[in-house]
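Peer 1: Listed here are the chains, written in short residue letters.
There are 2 protein chains.
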Amino acid sequence: MSKATTSVEPLAIGIDIGGTGTKFGIVDRLGNLLFSSEMSTRNHTELEDYIDDLYNNVAPLIEKAGGVGRMKGIGLGAPNGNYYSGTVEYAPNLPWKGILPLAKLVENKFSLPVVLTNDANAAALGEMMYGAAKGMKDFIMITLGTGVGSGIVANGKLIYGHDGFAGELGHTIIIPDGRLHEGTGKKGSLESYASATGVRYTALEMLAKTKTPSLLRKISKESMDSKKVYDAAIAGDPLAKEIFEYTGKILGMALANFVMFSSPEAIVLFGGLTKAGDLLLKPTKEHMEDNLIQVFQNKVKILVSHLKESDAAILGASALVWELK
Amino acid sequence: MSKATTSVEPLAIGIDIGGTGTKFGIVDRLGNLLFSSEMSTRNHTELEDYIDDLYNNVAPLIEKAGGVGRMKGIGLGAPNGNYYSGTVEYAPNLPWKGILPLAKLVENKFSLPVVLTNDANAAALGEMMYGAAKGMKDFIMITLGTGVGSGIVANGKLIYGHDGFAGELGHTIIIPDGRLHEGTGKKGSLESYASATGVRYTALEMLAKTKTPSLLRKISKESMDSKKVYDAAIAGDPLAKEIFEYTGKILGMALANFVMFSSPEAIVLFGGLTKAGDLLLKPTKEHMEDNLIQVFQNKVKILVSHLKESDAAILGASALVWELK
Chain S
0 MSKATTSVEP
10 LAIGIDIGGT
20 GTKFGIVDRL
30 GNLLFSSEMS
40 TRNHTELEDY
50 IDDLYNNVAP
60 LIEKAGGVGR
70 MKGIGLGAPN
80 GNYYSGTVEY
90 APNLPWKGIL
100 PLAKLVENKF
110 SLPVVLTNDA
120 NAAALGEMMY
130 GAAKGMKDFI
140 MITLGTGVGS
150 GIVANGKLIY
160 GHDGFAGELG
170 HTIIIPDGRL
180 HEGTGKKGSL
190 ESYASATGVR
200 YTALEMLAKT
210 KTPSLLRKIS
220 KESMDSKKVY
230 DAAIAGDPLA
240 KEIFEYTGKI
250 LGMALANFVM
260 FSSPEAIVLF
270 GGLTKAGDLL
280 LKPTKEHMED
290 NLIQVFQNKV
300 KILVSHLKES
310 DAAILGASAL
320 VWELK
Chain Z
0 MSKATTSVEP
10 LAIGIDIGGT
20 GTKFGIVDRL
30 GNLLFSSEMS
40 TRNHTELEDY
50 IDDLYNNVAP
60 LIEKAGGVGR
70 MKGIGLGAPN
80 GNYYSGTVEY
90 APNLPWKGIL
100 PLAKLVENKF
110 SLPVVLTNDA
120 NAAALGEMMY
130 GAAKGMKDFI
140 MITLGTGVGS
150 GIVANGKLIY
160 GHDGFAGELG
170 HTIIIPDGRL
180 HEGTGKKGSL
190 ESYASATGVR
200 YTALEMLAKT
210 KTPSLLRKIS
220 KESMDSKKVY
230 DAAIAGDPLA
240 KEIFEYTGKI
250 LGMALANFVM
260 FSSPEAIVLF
270 GGLTKAGDLL
280 LKPTKEHMED
290 NLIQVFQNKV
300 KILVSHLKES
310 DAAILGASAL
320 VWELK
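Read top to bottom, the protein sequences are chains S and Z. One point on numbering: in numbering that gives the first Met the number 0, the residue at position 213 of the first sequence is 212, and numbering is uninterrupted. One point on numbering: in numbering that gives the first Met the number 0, the residue at position 174 of the second sequence is 173, and numbering is uninterrupted.
For the record, the hints were derived by calculation from the structure and aren't laboratory data. Glycine is no exception: its CB is placed at the ideal position from the N, C-alpha and C atoms. A hint or two may mislead.
Claimed, not checked - Derived, one-sided and incomplete: chain S residues facing chain Z with beta-carbon distance under 7 Å: (1) 133; (2) 137; (3) 294.
Claimed, not checked - Only pairs whose alpha carbons sit at most 30 Å apart, straight line, appear in this in silico BS3-like list of lysine-lysine: (4) 186/S to 324/Z; (5) 136/S to 108/S; (6) 186/Z to 103/Z; (7) 220/Z to 208/Z; (8) 208/Z to 156/S; (9) 63/Z to 136/Z; (10) 108/Z to 186/Z; (11) 220/S to 136/S; (12) 108/Z to 156/S; (13) 240/Z to 186/S; (14) 284/Z to 226/Z; (15) 136/S to 103/Z; (16) 298/S to 300/Z; (17) 96/Z to 108/Z; (18) 240/S to 226/S; (19) 324/Z to 307/Z; (20) 240/Z to 208/S; (21) 300/Z to 136/S; (22) 324/Z to 156/S; (23) 307/Z to 298/S; (24) 103/S to 96/Z; (25) 281/Z to 217/Z; (26) 284/Z to 240/Z; (27) 186/Z to 240/S; (28) 103/S to 281/Z; (29) 108/Z to 136/Z.
Claimed, not checked - Some but not every residue of chain S turned toward chain Z, in silico, with C-beta under 8 Å: (30) 54; (31) 83; (32) 176; (33) 214; (34) 296; (35) 297.
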């Protein structure tokens with residue numbers, strides 16, 4: 000992808016480190032992704048090799064965009080990324096274990112200032128600068144993918160908490176003694192229901208517990224996923240619709256609690272599950288309102304991110320750079 | 000109460016408006032309550048008369064403290080107080096109904112700048128300036144009284160939310176379809192369990208559901224209250240202890256969710272229920288830790304406010320004044 004630069008304003012480099020792949024690009028202040036590309040994360044067993052490869056892949060884009068002198072800095076989004084320490088700590092999906100000084104390593108390699116945070120916080124910044132939350136000072140970003148991530152903005156600033164780990168809303172307990180989350184060992188967390196993984200479990204549970212005829216009964220346990228539940232629901236399958244109703248009920252209850260915490264102007268949803276549209280959003284909104292006390296009712300917008308999913312992670316990471324002094 | 004002023008630094012007036020009484024005082028920057036007094040709220044059916052009486056009661060203290068020229072402003076803490084609008088909206092326990100422009104009325108009467116917020120937010124500011132949260136930038140204040148109030152500080156600032164009503168943690172749902180809260184009509188909120196009222200209900204429920212011998216069986220339904228449960232627990236009564244265990248279990252679950260939201264350095268507890276001490280705090284801490292994912296475990300302090308309860312509300316309200324430009 001390529002677009003001519005039209006000014007000499009500073010640019011930001013955004014790098015999103017995922018478990019499978021790493022996406023990166025050069026972004027201007029308006030959120031135009033000028034140049035972008037990607038590479039594998041997973042193929043690098045040694046962190047040093049990964050950093051070398053990352054440099055070799057990003058450097059040509061920097062040159063195309065006018066050279067390192069135009070770059071204000073690098074924003075890194077990574078799972079379990081800590082804003083304060085610039086480290087990634089015990090990220091289960093990355094090939095490197097323990098506490099990784101990623102910001103420092105990238106800074107040394109690129110000779111540019113680096114800011115790091117977790118991917119959901121980066122996504123929230125991206126929405127605030129370029130997306131659905133533009134101009135808002137109080138909103139909550141929820142990413143509904145394989146897991147549930149979140150970034151919380153209050154008083155115009157991301158909430159990092161005293162240790163840099165704030166905003167783990169996917170792990171809040173919504174159903175005490177509810178469904179086991181295999182990753183954390185906790186029961187009844189939002190993530191165990193309102194994620195792609197959660198929808199799959201709900202489908203398997205409902206198929207086992209009921210005798211309702213359903214298109215989903217043709218699908219094997221192993222190949223069941225949220226996409227197949229969505230396809231069945233779109234085809235009018237009542238059980239598939241009920242699965243999204245149930246998911247929305249739990250998500251709506253959780254959102255009500257979040258609203259009573261920070262009273263956001265909007266909740267911005269992002270990620271694969273939002274493709275279910277009103278199948279999920281309608282019950283979510285309804286159950287959120289049901290659980291809110293009066294002073295909060297009919298005030299909070301539920302918005303779906305309109306950033307292109309493939310670009311959003313890079314835009315979010317790059318947004319960190321504009322906060323650099 | 001009276002103490003000689005020793006400097007010509009500006010002073011703040013703190014006024015806490017409760018349903019029964021109004022407390023007020025003159026406070027210096029170090030949190031010394033130089034002069035204070037109180038008057039009835041309830042006896043004033045007309046808001047104008049109340050404001051007149053308030054002025055007549057506070058004016059002599061202002062004179063004693065060096066005159067109106069030394070006063071930087073007035074901080075008002077009131078139930079349902081809104082920081083942005085300076086109004087008190089539909090406060091069920093105050094004698095005046097509807098939306099009350101309290102900040103404006105007090106400002107006009109005293110000819111001093113006025114800042115208003117709800118009582119729990121004021122309490123949080125008081126703890127941050129003078130109390131257990133001194134120097135902290137991220138903490139949550141929870142008041143455990145007849146109800147459950149809260150004030151949340153992140154990045155060194157109170158979270159007011161987009162509409163000024165943030166921080167209603169007492170109304171978050173902890174047990175879906177749980178105990179009915181008569182005031183809100185919602186089920187399973189924190190306040191319906193972890194308040195003095197909640198402890199009373201738990202006592203009545205446990206007495207009805209079990210046959211366990213207990214000192215509490217001698218107490219009539221009408222006169223049961225959290226103080227009597229406390230006295231029985233201190234006397235070694237197993238059922239009374241179990242009531243606090245249960246209350247702490249619910250409070251601990253709720254605190255875990257709050258921690259995963261804003262990752263505070265500490266949670267500061269205040270109010271009548273905290274007098275139960277370890278009877279309540281031990282299970283609270285234990286269940287909070289049980290529900291936290293690893294990254295948050297054994298990091299968050301649970302502190303009990305050490306401000307004198309009779310002064311804390313005035314100190315909290317006065318703390319608002321130091322934020323005035």
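Peer 1: Work down the list of hints and note, for each, if the structure agrees.
Peer 2: Hint-by-hint comparison with the structure:
1. 133: Constraint on residue 133/S not satisfied, violated at 14 Å.
2. 137: 4 Å, holds
3. 294: Interface hint status for residue 294/S: holds (5 Å vs cutoff 7 Å).
4. 186/S to 324/Z: 47 Å, violated
5. 136/S to 108/S: 35 Å, violated
6. 186/Z to 103/Z: 37 Å, violated
7. 220/Z to 208/Z: Cα-Cα ~14 Å, so holds.
8. 208/Z to 156/S: 49 Å, violated
9. 63/Z to 136/Z: Not satisfied, since the Cα-Cα distance of roughly 35 Å exceeds 30 Å.
10. 108/Z to 186/Z: Judged against 30 Å, a Cα distance of about 42 Å means the pair is violated.
11. 220/S to 136/S: 44 Å, violated
12. 108/Z to 156/S: 36 Å, violated
13. 240/Z to 186/S: Roughly 26 Å separates the two Cα atoms, so the pair holds.
14. 284/Z to 226/Z: 22 Å, holds
15. 136/S to 103/Z: Judged against 30 Å, a Cα distance of about 26 Å means the pair holds.
16. 298/S to 300/Z: With a Cα-Cα distance of about 34 Å, the restraint between residue 298/S and residue 300/Z is violated, given a limit of 30 Å.
17. 96/Z to 108/Z: 21 Å, holds
18. 240/S to 226/S: 13 Å, holds
19. 324/Z to 307/Z: 28 Å, holds
20. 240/Z to 208/S: 39 Å, violated
21. 300/Z to 136/S: Answer holds: residue 300/Z to residue 136/S is near 29 Å, not above 30 Å.
22. 324/Z to 156/S: Within the cut-off at roughly 21 Å; holds.
23. 307/Z to 298/S: 38 Å, violated
24. 103/S to 96/Z: Violated, at roughly 58 Å.
25. 281/Z to 217/Z: 27 Å, holds
26. 284/Z to 240/Z: 16 Å, holds
27. 186/Z to 240/S: Given that 30 Å is the threshold and the Cα spacing comes to 26 Å, the pair holds.
28. 103/S to 281/Z: 41 Å, violated
29. 108/Z to 136/Z: 35 Å, violated
30. 54: 30 Å, violated
31. 83: It is violated, given that the least Cβ distance between residue 83/S and chain Z is near 11 Å, above 8 Å.
32. 176: 10 Å, violated
33. 214: 30 Å, violated
34. 296: For residue 296/S, the interface hint is violated, since the closest Cβ of chain Z sits about 11 Å away, which is over 8 Å.
35. 297: 12 Å, violated
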